[in-house]
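Peer 1: One letter stands for each residue in the lines below.
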Amino acid sequence: DGGITQSPKYLFRKEGQNVTLSCEQNLNHDAMYWYRQDPGQGLRLIYYSQIVNDFQKGDIAEGYSVSREKKESFPLTVTSAQKNPTAFYLCASGSIGGSPEAFFGQGTRLTVV
Amino acid sequence: GQNIDQPTEMTATEGAIVQINCTYQTSGFNGLFWYQQHAGEAPTFLSYNVLDGLEEKGRFSSFLSRSKGYSYLLLKELQMKDSASYLCAVTLAPGRTTDSWGKLQFGAGTQVVVTP
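Order-wise, the sequence lines are chains A and B. To convert, take the position in the first sequence, counting from 1, and add 242; that gives my numbering. For the second sequence, counting from 1, position 22 maps to 13 in my numbering; every step adds exactly one.
Rather than coming from a laboratory, the hints here were simulated on the basis of the structure. A portion of the hints provided could be inaccurate.
As the list claims (entries may be wrong) - Some but not every residue of chain B turned toward chain A, in silico, with C-beta under 7 Å:
(1) Phe36
(2) Phe97
(3) Gly98
(4) Ala99
Yeah, the Cβ is synthetic: ideal placement off N, Cα and C, and Gly gets one too.
Construct all of the structure, not just a fragment, from the sequences and the given hints.
Peer 2: In structure tokens, the structure reads:
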């Protein structure tokens, strides 16, 4: 079945450690996105990529890094520079110029202690 | 930037109708999405409006007025499973090479509680 997969679903890390969240899609979508969701707030765009080996900062990129070495994969690293990393992270993918629907993964809940 | 407002919470009875309003102020607008999100899960696509008017899809309908910067999602014949957060999101005008459909600006979401 085609879809977008995030792993792990829950992640715990100690403060000061970098952590990488995985996102894989087999929908053949060119574009992939990372959003962060906090209680009482809407999803906020962290980074996005429309083509392999290229990506752009979203609204809240500070303290995060990404790579897009393969079309199917768009991992997000939460670095120690991110001041408040505990959140629900959602990855999405979509067509460029095609169907407007963005497909979301199941999310990773990151807790930093 | 974008400013997108929707109510925080709405409560309705099973079988009733609920209308969730969304207003937006944008510096470029192409279309408006509604997503449903159950707690701890991924948002799922409900509707997309780019032209003025009403789009009906089963028990769910979505309306858009571009001139007023206003949209609503109408949920009819409410069921308990409709208890969820409903997210309004806008996408910027096409033609900008750095944008695509998934680059969305979201409202904070409206939590709908359906009671027996």
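Peer 1: Hint by hint, note whether the structure agrees.
Peer 2: Okay, the hints, checked on the actual structure:
1. Phe36: 4 Å, holds
2. Phe97: 3 Å, holds
3. Gly98: 5 Å, holds
4. Ala99: At 5 Å from the nearest chain A Cβ, Ala99(B) passes the 7 Å test, so the hint holds.
In this structure, none of the earlier numbered hints is contradicted; all agree with it.
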